[in-house]
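*Asks:* Sequence:
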Amino acid sequence: MSVVYLISSFGKLSKKGDTLLFETKDYTSTIFPFRTDSLVLVGKIDITSGALSVLMKNQIDTVFLSSNARFNGKLVFSEKKNVFLRQKQFKLVENMEARVKCAKAIALTKVKNQLTFMMRIRRKTKEDELSIRDAINKNKKILEDIETADSLDKLRGYEGIAARNYFQVFARDIIQDWAVFNGRSKNPPRDNVNAVLSFLYTLLYQRIDASLEAEDLDPYVGMYHELDYGKRTLTFDLQEEFRVPIVDTLAISLFNLAVLDKEDFRQVDFSTESEEYPLESGKTYTESEDETVDMPVRSTRGVLLNENGLRKCIAGFEKKMSATIISPSTARTVSYFHLIRDQVQLYKRFINGEEANYKPFLYR
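Numbering (my numbering), first residue to last: 1 to 364.
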């Protein structure tokens, strides 16, 4: 799959003959449609009607990401016709017993993958060994709680507690003094490590979403995350098993191997009145993660990657997607890109009744 990323704060995508022309204030590049499966546009990029006609003619799906790593939407030109598959999705999501069983597999695998990474960190970290061991033991106990959970709310609650324990250990693996991580924060990310995590999670999200679309699965009908208007819950569901092996391990490497440096980030004021850096109205924010204050605030400071940092993260992500691993569903050596496809196809077989259960990818 050939994915072309375009990054600019003031870019323009236009038609030039049978090709696409991408222009910024610094450079111009030509994009050949026959070599391109999809486009990912990051930042502010204008698209002419001629460029749209080229995208449509060549069936090039196009994803739009804001400069603050938010998924804004996508153009999909191939029509999805498998209504019978979607009927099965809706029927299964209404079966609460089946839904809890599938959601439990997703939650268990996510926590197990986190535990695998936590134990790797413990083996190479001498400092705070007792606190790391304590967090690991807590998450092992949470696995037992997840096994006996009988509702989606309980599963989500246990998984949330496990995530907080996990990120306490995750922080111990970052060796750069200038890298800051004060617990997971998003919308906006409050520090440079969270800026990288948020952007990489967005890239992973759009890659899984594209695989679901390719298999005619409805991304809005998931089993684990709460169904909501406009929320692509199935994309979020299948993202969980890949967070640790693809994003979290990559984020650590980008910092520890000095691929990123402190000049690759910028501070931005997010506001409820800003179009480019929006802060969701009606919510309250403090400097700590997911806490509320007595009175709502209308602006807060966030940290984002600049264009150079975005390019480094994209290069690292694409390299990671090309890395090989054994696919548990096919027993073949495949890239992470093909592993995602294999897991989506496994989920499709589960929906069609060809598999008794969905088995998320277990990281080892």
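Please keep in mind that the hints were generated in silico from the structure rather than gathered at the bench.
Among these hints, one or two may not hold up.
Claimed, not checked - Straight-line alpha carbon distances no greater than 27 Å define the calculated DSS-like cross-link-like pairs of lysine-lysine that follow: (1) K138 - K126; (2) K319 - K124; (3) K81 - K138; (4) K44 - K312; (5) K186 - K88; (6) K231 - K101; (7) K81 - K348; (8) K91 - K319; (9) K12 - K44; (10) K124 - K101; (11) K88 - K359; (12) K74 - K12.
*Asks:* Can you confirm whether the C-alpha distance between K74 and K12 stays at or below 27 Å?
*Replies:* Given that 27 Å is the threshold and the Cα spacing comes to 17 Å, the pair holds.
*Asks:* Is K91 close enough to K319, meaning Cα to Cα at most 27 Å?
*Replies:* violated, 38 Å
*Asks:* CA of K44 to CA of K312, is that 27 Å or under?
*Replies:* It holds: about 19 Å lies between the C-alpha atoms, which stays within 27 Å.
*Asks:* Does the structure keep K12 and K44 at a Cα separation of 27 Å or less?
*Replies:* holds, 9 Å
*Asks:* Within a Cα-Cα threshold of 27 Å, do K319 and K124 meet the stated pairing?
*Replies:* With a Cα-Cα distance of about 25 Å, the restraint between K319 and K124 holds, given a limit of 27 Å.
*Asks:* Decide if the proposed pair is consistent with the structure: K88 and K359, CA atoms, cutoff 27 Å inclusive.
*Replies:* holds, 18 Å
*Asks:* Take a quick look at whether K81 and K138 sit within 27 Å of each other, Cα to Cα.
*Replies:* Not OK: K81 and K138 at ~46 Å, beyond 27 Å, violated.
*Asks:* Assess, step by step, whether the Cα of K81 is no farther than 27 Å from the Cα of K348, and give holds or violated.
*Replies:* Cα-Cα ~15 Å, so holds.
*Asks:* Please work out if K231 and K101 have their alpha carbons no farther apart than 27 Å.
*Replies:* holds, 21 Å
*Asks:* Check the hint pairing K124 with K101 against an upper bound of 27 Å on the C-alpha distance.
*Replies:* Status violated; Cα separation ~35 Å.
*Asks:* Are the Cα positions of K138 and K126 separated by 27 Å at most?
*Replies:* Distance ~20 Å between K138 and K126 Cα, so the pair holds.
*Asks:* Can you confirm whether the C-alpha distance between K186 and K88 stays at or below 27 Å?
*Replies:* violated, 34 Å
In terms of the numbered hints stated before, the structure departs from hints 3, 5, 8 and 10, listed from lowest to highest.
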